[in-house]
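**Student:** Protein chains in written order, with my numbering: chain C, 30 to 409; chain L, 13 to 199; chain E, 105 to 377.
Just to be clear, a hint being listed does not mean it is correct.
[Stated by the list, open to error] No more than 30 Å apart at the CA atoms, straight line, and that leaves these computed lysine-lysine pairs for DSSO-like:
1) L:Lys79 <-> C:Lys36
2) C:Lys398 <-> L:Lys120
3) C:Lys77 <-> E:Lys374
4) C:Lys216 <-> E:Lys314
5) C:Lys287 <-> C:Lys235
6) C:Lys74 <-> L:Lys162
7) E:Lys191 <-> C:Lys225
[To be verified] For each label pair, taking beta carbons as the anchor points, the in silico distance ranges come out as:
8) L:Asp92 <-> C:Ile78: 46 to 52 Å
9) E:Val369 <-> L:Met13: 22 to 28 Å
10) L:Ile119 <-> C:Asn223: 57 to 63 Å
[Stated by the list, open to error] Footprint (simulated), chain E over chain C, 3 or more residues, beta carbon under 8 Å:
11) 76-86
12) 181-195
13) 280-292
Calculated directly from the structure, the hints in this document are not laboratory data. All C-beta atoms in this analysis are idealised placements derived from N, C-alpha and C, irrespective of residue type, glycine included.
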Amino acid sequence: MPKSNVKLMQGNEACVEGAIVAGMEFFAGYPITPSTEIAELSAAKLPKIGGKFIQMEDEIASISATIGASLTGKKSMTATSGPGFSLKQEGIGYAIMAEIPCVIVNVQRGGPSTGLPTAPAQGDIMQARWGTHGEHSIIALYPSTVKEIFYTTIKAFNLSEKYRTPVILLMDEVIGHMREKIEIPNKDEIEIYNRKEPTQAPSDYKPYEIKNGDIVPEMASFGKGYRYHVTGLVHDETGFPTSDHEVAEKLITRLVNKIEANKDDIVEYEEYRLEDADEAIIAYGATARSAKSAIDTLREEGRKIGLFRPITIWPVAEKQIEELAKRVRSITVVEMNLGQYFEVIDRIAGKHTKVVKYGRVNGELINPKEIIAFINNRRG
Amino acid sequence: MVHHELRLSGSGGQGLILAGIILAEAALYDGKNVVQSQSYGPEARGGASRSEVIISDNIINYPKVGKCDLLLALTESAYDKYIDSLKDGGTLILDTTVNKVPERKDIKVYTIPILDTASKKLGKAMVANIIALGSIQRLTNLVSKEALAKAVLNRVPRGTEELNKKALEEGFNLINNQKDRLYGEVC
Amino acid sequence: MVSHLVEKYFRTETLPHIWCPGCGNGTVTRAIVKAIDNLGLDQDQVCIVSGIGCSSRAAGYLDFNTVHTTHGRALAFATGIKLANPKLTVIVITGDGDCAAIGGNHLIHAARRNIDITTIVFNNNIYGMTGGQYSPTTPTGDKGTTAPYGNIDANFDLCNLAVSAGATYVARSSLSNPNMIIKQVEEGIKNKGFSFIETLTTCPTYYGRKNKKGDGVEMIRYLGEKTINKIAYDKLPEEKRKDKIIIGEIFRGDRPEFTEEYQKVIESIKGEI
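If we strip away everything but chain C, and leave its shape as in the complex, we get:
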């Protein structure tokens, strides 16, 4: 019999377990398939550890309450799916602008609109990047196994605290709803990052001032004596709104650069059988699992093929993808949409190698046979 910390766990459940290990103390949500289990389990588990759960009246209220809770110093999360993710964009923009850490889980489903509520799709790649209006950057992570959901959720919290920004966890219905093995590590084996709080006298505190060596401003929790103003308007380092063009330019550039300039810290990926590969597949989430199966079969047939799997989907692992493009004769981007990430890969890799796409939008997980057939046919 295996050790007691080895469990059979559903993907959505692993997300909640990871969040709690990361220090989640607040969850606000609204029921929506296929993410509802995340709300249900948060409702059951949070009060047991003194945390708070609330089912809000709608999706926008959920992200608003999540952001509000974070202002009091509590690590907060909300979870949703397709139609709800559209509604969350308002809050995501606010959290970016006001630099309030929070985690937004999107267990994707078929769209547009109500679409296919219980079927998998990877159609929200670009919405995760550009769903909210205005110039910005975003961190979005994309796990591929139940175990990875656990760790990626922790990473989402850590990055959101470190960079004072909302972090999106994109999940596939397939993995959110399936169960597989996970070994829950001891808490002391896991690195947890907490936001940096100010230590100076409240009278010296400027809520959006960057101190030497810091990436983001220190964040005071409401109720601790640092009275300050939070707004979604362009603001200077005092936090008060301004329409000064120079301040606006400086602020928005900083918000983008704090993510783009720290890619080396943020970007995570997996390379599978790429060492000697002369052709590559790029896939993420559940589709990457199918790609691995396909690669194993193609390898048996003598093909030198491997997988590059982004775990950080935004920002893009540009450097690594460009390196890859220089040493393979083709890259096939496999995804459950009609080429959202392909466009990104093609921009980076297209000047070095041939980039092709294989996409499906029928509500079924792309299977290994399809990928094999596509790769073989393309060759012919």
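Given the coordinates of chain C, assemble chains L and E onto it according to the supplied hints.
**Tutor:** For chains L and E alone, kept in the frame of chain C given last:
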């Protein structure tokens, strides 16, 4: 190397998703790799329901069951829907209430009274899923008896442990009673 | 001489404010601060949350923990803040469009939960910040830039709405009686539950001009004539009640408060694995 894909099908409310979870957990106790998934219609009760389990000695990448090695069908509509998804030479466990004789000659068919045993012999229709698990175990030996018993007790509601132990025994017996028709190793 | 209230509770570096001459928002904001002062609340433990609109700019001028949120969402943000840290006194400043149109759903549900938040609606019957469009409280027949031929919508009775939805302190006041505003905000903060205070205020620039209501002073005079205390109203014969707006305490209820109930849940399952 074991790589076995099972599809448990019937109607919503028959506990097939729980059955899949229990089976998967038992395989996990045995140290196997396992993936369990399910699909259901919008109905919470009635409608079609299926639960799928892959048990393997290898890492399981593609998590979906396509053609399965074993199909359990508790209703006629589930049988109709999934009979073609059974692999050549695969195993079909059919409830006796399903009034069908498969035309396929390549498969092994076990017609056993799972639903009747639950509702008439044990007086609880809800334990049909556990009876089915007992039968699957006895027939395939994919998971150990001990692991299955432990997984059942871990997942059923408190206060129903004895009933579910009995149900598991009944499931074993349904196969024992048909020993002459069994294949492979039976424990 | 700068008043004690301004010195202590206003972020003077953010002044002057954006409000027009004759706008009532400054008076209502002062009334809120006066109520806080009267109650002797610790500034560090007060959180003021606002939405979007002219009135919602008040949050930025006040020296507390302040959040200027997105349009309509002040109550949703405030709910997260209050539930996450129930020790904070949470006050929401909102307008008629912010609270009753885009934020209507949040108002209903905050009242239903009876969460301990005091909401003050600056009701000026118009969308001021965007330039004079009709709001859910623009009286039928009145004009706005998006109702050039007169508003055909029925207008909301916000206090009735709050009562029906479950608020446990509901009151209406008017710019014509600033002391009443102070008193109501005090009562609202003291009420352990959801408190809803509708304050009738003036927008001479848009609502006044569009509807020939005169300047700020005339509009206040008009409010004074139009409003009547609930006690006096109840004594009026039916024919004289027409067109009067009741001010004063409208409703008081006694229901469990949300964050306290949640704490009970926590206590009841403590130690369970």
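**Student:** All hints, please: hold or fail.
**Tutor:** How the hints compare with the structure:
At most 30 Å may separate the alpha-carbon atoms for a hinted pair to count; Lys79 (chain L) and Lys36 (chain C) meet this at roughly 27 Å. A threshold of 30 Å between alpha carbons decides the hint, and for Lys398 (chain C) with Lys120 (chain L) the separation of about 27 Å falls inside it, so the pair holds. As the CA atoms of Lys77 (chain C) and Lys374 (chain E) are separated by approximately 6 Å, the hinted pair is consistent with the 30 Å bound. For the hint linking Lys216 (chain C) to Lys314 (chain E), the alpha-carbon distance of about 64 Å lies beyond 30 Å, and the restraint is violated.
Between Lys287 (chain C) and Lys235 (chain C) the alpha-carbon distance is near 19 Å, which keeps this suggested pair within the 30 Å criterion. Taking the CA atoms of Lys74 (chain C) and Lys162 (chain L), the gap is about 25 Å. The hint holds against a cut of 30 Å. For a cut-off of 30 Å, the pair hint linking Lys191 (chain E) to Lys225 (chain C) stands: about 23 Å separates their Cα positions. In this structure, Asp92 (chain L) and Ile78 (chain C) meet the distance hint of 46 to 52 Å, their C-beta atoms being roughly 48 Å apart.
Checked against the given bound of 22 to 28 Å, the beta carbons of Val369 (chain E) and Met13 (chain L), roughly 50 Å apart, lie outside it. Between Ile119 (chain L) and Asn223 (chain C) the beta carbon distance is about 58 Å. The supplied range of 57 to 63 Å therefore holds. By the rule of at least three residues with a Cβ nearer than 8 Å to a Cβ of chain E, the coverage given for the segment 76-86 of chain C holds, with 7 such residues. By the rule of at least three residues with a Cβ nearer than 8 Å to a Cβ of chain E, the coverage given for the segment 181-195 of chain C is violated, with 0 such residues.
Check on the segment 280-292 of chain C: 0 of its residues sit with their Cβ under 8 Å from a Cβ of chain E, so the three-residue criterion for coverage is violated.
Of the numbered hints given earlier, the model fails hints 4, 9, 12, 13; all others are met.
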